[in-house]
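Trainee: What follows is the residue order along each chain.
4 protein chains.
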Amino acid sequence: MEKIKVAVLGATGIVGQVFMWMLSNHRQFEIAFITASSPRIGKSYGDDARWMLPFEMPDNIKHIKFEELDYSKLEKLGIKVVFSALLSEVAMRVEPELRANNFWVFSNASALRYDENVPILIPEVNIESMDLIMGQGFPEKGFVITNANCSVTGLAVALAPLRKFGIKEVFVSTYQAISGAGYPGLSALDISGNLIPYIKEEEEKIDIELKKILGIEADVFPYCVRTPNLFGHLETVWVKFRESVNEDAVIGAWENFKMEELDIPSLPQKPIVYDKRVDFPQPKMSFFGNPPGMPVFTGRVRKEKDRIGFVLLVNNLVKGAAGGSIQNAEAFIKRFGG
Amino acid sequence: MEKIKVAVLGATGIVGQVFMWMLSNHRQFEIAFITASSPRIGKSYGDDARWMLPFEMPDNIKHIKFEELDYSKLEKLGIKVVFSALLSEVAMRVEPELRANNFWVFSNASALRYDENVPILIPEVNIESMDLIMGQGFPEKGFVITNANCSVTGLAVALAPLRKFGIKEVFVSTYQAISGAGYPGLSALDISGNLIPYIKEEEEKIDIELKKILGIEADVFPYCVRTPNLFGHLETVWVKFRESVNEDAVIGAWENFKMEELDIPSLPQKPIVYDKRVDFPQPKMSFFGNPPGMPVFTGRVRKEKDRIGFVLLVNNLVKGAAGGSIQNAEAFIKRFGG
Amino acid sequence: MEKIKVAVLGATGIVGQVFMWMLSNHRQFEIAFITASSPRIGKSYGDDARWMLPFEMPDNIKHIKFEELDYSKLEKLGIKVVFSALLSEVAMRVEPELRANNFWVFSNASALRYDENVPILIPEVNIESMDLIMGQGFPEKGFVITNANCSVTGLAVALAPLRKFGIKEVFVSTYQAISGAGYPGLSALDISGNLIPYIKEEEEKIDIELKKILGIEADVFPYCVRTPNLFGHLETVWVKFRESVNEDAVIGAWENFKMEELDIPSLPQKPIVYDKRVDFPQPKMSFFGNPPGMPVFTGRVRKEKDRIGFVLLVNNLVKGAAGGSIQNAEAFIKRFGG
Amino acid sequence: MEKIKVAVLGATGIVGQVFMWMLSNHRQFEIAFITASSPRIGKSYGDDARWMLPFEMPDNIKHIKFEELDYSKLEKLGIKVVFSALLSEVAMRVEPELRANNFWVFSNASALRYDENVPILIPEVNIESMDLIMGQGFPEKGFVITNANCSVTGLAVALAPLRKFGIKEVFVSTYQAISGAGYPGLSALDISGNLIPYIKEEEEKIDIELKKILGIEADVFPYCVRTPNLFGHLETVWVKFRESVNEDAVIGAWENFKMEELDIPSLPQKPIVYDKRVDFPQPKMSFFGNPPGMPVFTGRVRKEKDRIGFVLLVNNLVKGAAGGSIQNAEAFIKRFGG
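Protein chains in written order, with the working numbering: chain A, 1 to 338; chain B, 1 to 338; chain C, 1 to 338; chain D, 1 to 338.
Pulled out of the complex, with its shape left as it was, chain A reads as follows (with noise of 0.2 Å):
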């Protein structure tokens, strides 16, 4: 079979280096086209990219060049599908473009997150989000589809099998990782040994995005927090459902939670992993997993009065960012077709 031509824009920043690694051997996709900023172009992404991954670049990305944006290039090239990790101001003028261009744009970018026009997809928690597209004139009309904030995904992906309970009440403290803010993002005078309690707009992204994309009327208490790790977002989380729950019932829903009618190569067999153990989720794990990054983390599950407790991890460059987009176009093309 052949596979569908993608473009990733913004290759070389640190959602663009998970994206290039993601689709460098990808059973659906294949990379056709990169660009950077202009001084790149031209160069291939094996000599110019500052490879930030904890593994090694693939080596048949190593040649391809960076390219300027061009619309009729991409069409030439057989190109619809568009990975965007562009940073939020280009994305802002970029993604409109390419949708009136007719492209089919899987963004990681907060720029469009919140037009009326674009859904907010995590397939295995509201694949229904994506209908949103059909009034807008596919297949010949491009459209844009992103992905959710990367603690939002983590907490949503880890309540979604919890909403038949009932969420009344979320509280969230998040423990976030230096990656989440790019690169070269924090300063290491700034982080080195230290805690920053506050990120800018998260705590705000947290409340509209969760319930978006949970479609449910919850109240959400988050607070955000930097910390000196370089990958992975914990999160402990206090739940209130409507319904008594107590921990194996929680546990369960995780557990039977399986999303096989999805069929998308990206998706983990178990998209929430459960560890028993009594110290664990801990970000030293965040690229475990199978698709590695993929799986949500949760543990120490507890019950106190009439709430439920547990703590989260969620890699937050893979299933919170390019990952979660590259599930989104999977998702999208199993619907509806490449």
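Source of the hints: derived by calculation from the structure; they are not laboratory data. Remember, it's a predicted structure, so these values are computed and weren't measured experimentally. Check each hint, because a few of them may be wrong.
Same chains, same names: a pair is fine if it fits in one copy or spans any two.
No more than 20 Å apart at the CA atoms, straight line, and that leaves these computed lysine to any residue pairs for SDA-like [to be verified]:
1) LYS303 with GLU169
2) LYS65 with SER44
3) LYS5 with SER24
4) LYS276 with MET57
5) LYS43 with ASP275
6) LYS168 with LYS240
7) LYS200 with ARG277
8) LYS276 with ILE199
9) LYS276 with PRO58
10) LYS211 with ARG307
11) LYS168 with LYS305
12) LYS276 with SER88
13) LYS164 with GLU255
14) LYS276 with ASP59
15) LYS240 with ASP306
16) LYS303 with GLU217
17) LYS211 with GLY166
18) LYS305 with ASP219
19) LYS305 with ARG242
20) LYS168 with ALA32
21) LYS168 with ARG307
22) LYS200 with PRO184
23) LYS276 with ASN256
24) LYS62 with SER37
Put chains B, C and D on the given structure of chain A with help from the hints.
Mentor: For chains B, C and D alone, coordinates are given in the frame of chain A:
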């Protein structure tokens, strides 16, 4: 005025070191006796303690020699006040003996913290808990007064001036420093660039001690996480009050929490320092304040629905451990005389 | 082809874990027996080992059960090849016994490294040191072959193709990873955000082992420093050669160091990978290469006066420990048969 | 005695902050004027500087307002002494202007360090280098005196009392703190849990400045590596002397290096503090000493063949930067009057 001679038990551990540092130039107290494990007996503090604090060992404690714990020797030296930085399992055996031998024990150990005759004292929060000693035959008889667990201390201080609003529920997620686990404590392989969402019995301590110290009947929902910073516990907190409260009322209550009536040397002029910067407090401020490490820093106050959220920072070794015990001794002697 | 059954002694330590990971899918070897300290006997590897590596425990080793070391059992299972990741004090007692019982011991322990009957083998550097085994009654009798100290291994490999220039003096300063001290190893309080310019007996090992392995009479001037990175030892090196040598000659010698004649599965195509980037190699590449962690990376070659300087990176757990021993076993069996 | 009014240029950078902290309670100097980049003009230091030091901002500098650099204003205020913590590219333009306007500039910038009219001064090492100013029309005319590069400073001080043995060769490998790169400096993604074996132009500076300051004709072999500690540069050093020297002679030379004749306030009683512990000095001692951060700490002295090795620690921000410049001003004024 002559200083009161005191003993420090367990002077080489990291809390013991803070006792030594703070008592090295204390207005009222003078170190006259120190103990450590047997192999150190006879050696001098300067030669044998592995100093872990982020500033230099004071010169005037270097010559002090480790001695075996000997009640008659303490008596001969005229020592009544004993500070205990013993490990819990040792404290469990030694502290009752000290009490039985009529010493006044100010302890950081958790061993006797839940003994019904032992107050958990934070002077600016529950000074009245000292009354418990009165029924125990003081001044002829001895007693044990403990400080609270390090995480609880910060939370109890920050909530003390808010009790008047009626505390109903407290959600707290901690970000706890490496030094809280003592020395050698955590393996660098476990915690470097990682987070560990579990600290043995810590969540139980928060639940029990917080309510006991504040004298309230609230529901407490804690999660405790070890983070890779050396000093200073950060906590994110959401509180539900019986009364309707806004951010200004909370900040005002902190600003006006002066406690001059206590009039003890180691209590800062402002026990709670509210930091209005958007991304503070941060652990790198752990030893800020006067005396250093004694204020609890708060910040990021927010109102969401009917809840108030904030972030706090407490120095786990000073206010949350040795410094707390020294304040306890000061407060006791202020009230009942030395 | 049937695989050779092997035993791993001390399988839970961090070097033991690397043995388990590398042998879990080895072309020639198959784990048939593992030991750990008594409390673990009977438990399975997956349940009881505290996994420390930066990637997931392979599924196919999880079921293997810890057994007590029993020579007759090993014999019954048809095991000749024993990999030892024992602590030095245990190895000192156990490895001579294994040899006396006719096992072929490939050890990472330093216990017997200076025994005159024990080669310190790095296949691509001193393959001839295996001859020492010949006088010891092989194949009827057993033997012990050790790999070199982790710091020495990187240096010996990088210098091996430069021996032809006549090595007279070697200055080496090491930057050694936390994992080199084993588990629990270093206290996080000691090493977080700090440097410790001392590693017990390490400088002596570099001096003795380097000259023995390279078979040279050079002067060696080492300093060893512990640095707060988890994996990968970096070393800065200045060498004085008898011949006049320039940077290109050095780089050329590395590039041409192929060793295809060895033809063993775990030796990379290029045992030395020269990195021309100005600020590399870096420890974050520790597990790069194929097999991962097996190449020695070099860079920053400079000529000053009559000296050549360079920087090297060696994975202290793979090439510098378990991986080195596995290569030793491969090389031995290649030469003498299994 | 009235204090001498001084200006601090570039007061918000991390070296600027050290100037502010050290001058806030200086015996001779008084901060009367500070500059920062334009957006800060008019704001007060306490409100607008992002404080990075590991202790609190002194209260008495918080009210000082940033001003635009205005030579006539400086004159009106009676300011002659100007401390420069400007970035090199700014210093390159501003410092010659200041000199031309007859100010006495004590600079930490490397911009003019290689100007033939500019001494690189370390008072206890090359006090005679000040003579260079004499031919420049002082006291009517202005001048620039720089301190040395941070790594060089530690090495030059440690070697100063050893010059008498005849220094022939110096091998030095550095372990340099994050703060040496300024703020924001290094991305946390690059340096957290990593090592970077390259610091732009640093090795060249060591070679050139060391020989110039010590006034020697030695061969210098440096490697510079960035390590993930915040403060304090460690260096491993091997020296070849013309004379035969043993460890005791080296330690004795350090112990007797008193320099009381300099008699300036910021020079420690012992500019070199030899630490006999087996695993010291360590960067966590960076701000130890009196004044804090001013001594150079040495340790681990060894003799191998005809070479002496040792380890040193220098506070890169204090003795190696702002503190060095303050000592320079003190020494200059001591000799020539204020």
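Trainee: Run every hint past the structure and note whether it holds.
Mentor: Status of each hint after checking the structure:
1. LYS303 with GLU169: both (14 Å within a copy, 15 Å between copies)
2. LYS65 with SER44: within (4 Å within a copy, 49 Å between copies)
3. LYS5 with SER24: within (12 Å within a copy, 36 Å between copies)
4. LYS276 with MET57: between (33 Å within a copy, 16 Å between copies)
5. LYS43 with ASP275: Cα proximity of LYS43 and ASP275: across copies only (19 Å, versus 44 Å in one copy).
6. LYS168 with LYS240: both (5 Å within a copy, 15 Å between copies)
7. LYS200 with ARG277: between (33 Å within a copy, 13 Å between copies)
8. LYS276 with ILE199: Answer is between; shortest inter-copy Cα gap is 16 Å, intra-copy 30 Å.
9. LYS276 with PRO58: This pair counts as between: shortest inter-copy Cα distance 18 Å, intra-copy 34 Å.
10. LYS211 with ARG307: both (19 Å within a copy, 19 Å between copies)
11. LYS168 with LYS305: both (15 Å within a copy, 13 Å between copies)
12. LYS276 with SER88: neither (38 Å within a copy, 28 Å between copies)
13. LYS164 with GLU255: within (15 Å within a copy, 45 Å between copies)
14. LYS276 with ASP59: For LYS276 and ASP59, the Cα distance is within 20 Å only across copies (17 Å; inside one copy 38 Å).
15. LYS240 with ASP306: Both: 7 Å inside a copy, 15 Å across copies.
16. LYS303 with GLU217: between (22 Å within a copy, 18 Å between copies)
17. LYS211 with GLY166: within (13 Å within a copy, 30 Å between copies)
18. LYS305 with ASP219: Cα proximity of LYS305 and ASP219: in one copy and across copies (18 Å, 8 Å).
19. LYS305 with ARG242: Cα proximity of LYS305 and ARG242: in one copy and across copies (13 Å, 18 Å).
20. LYS168 with ALA32: neither (46 Å within a copy, 53 Å between copies)
21. LYS168 with ARG307: The answer is both: 10 Å in one copy and 15 Å across copies each meet 20 Å.
22. LYS200 with PRO184: both (16 Å within a copy, 18 Å between copies)
23. LYS276 with ASN256: within (16 Å within a copy, 46 Å between copies)
24. LYS62 with SER37: within (17 Å within a copy, 41 Å between copies)
Hint compliance for this structure: hints 12 and 20 are broken, all remaining hints hold.
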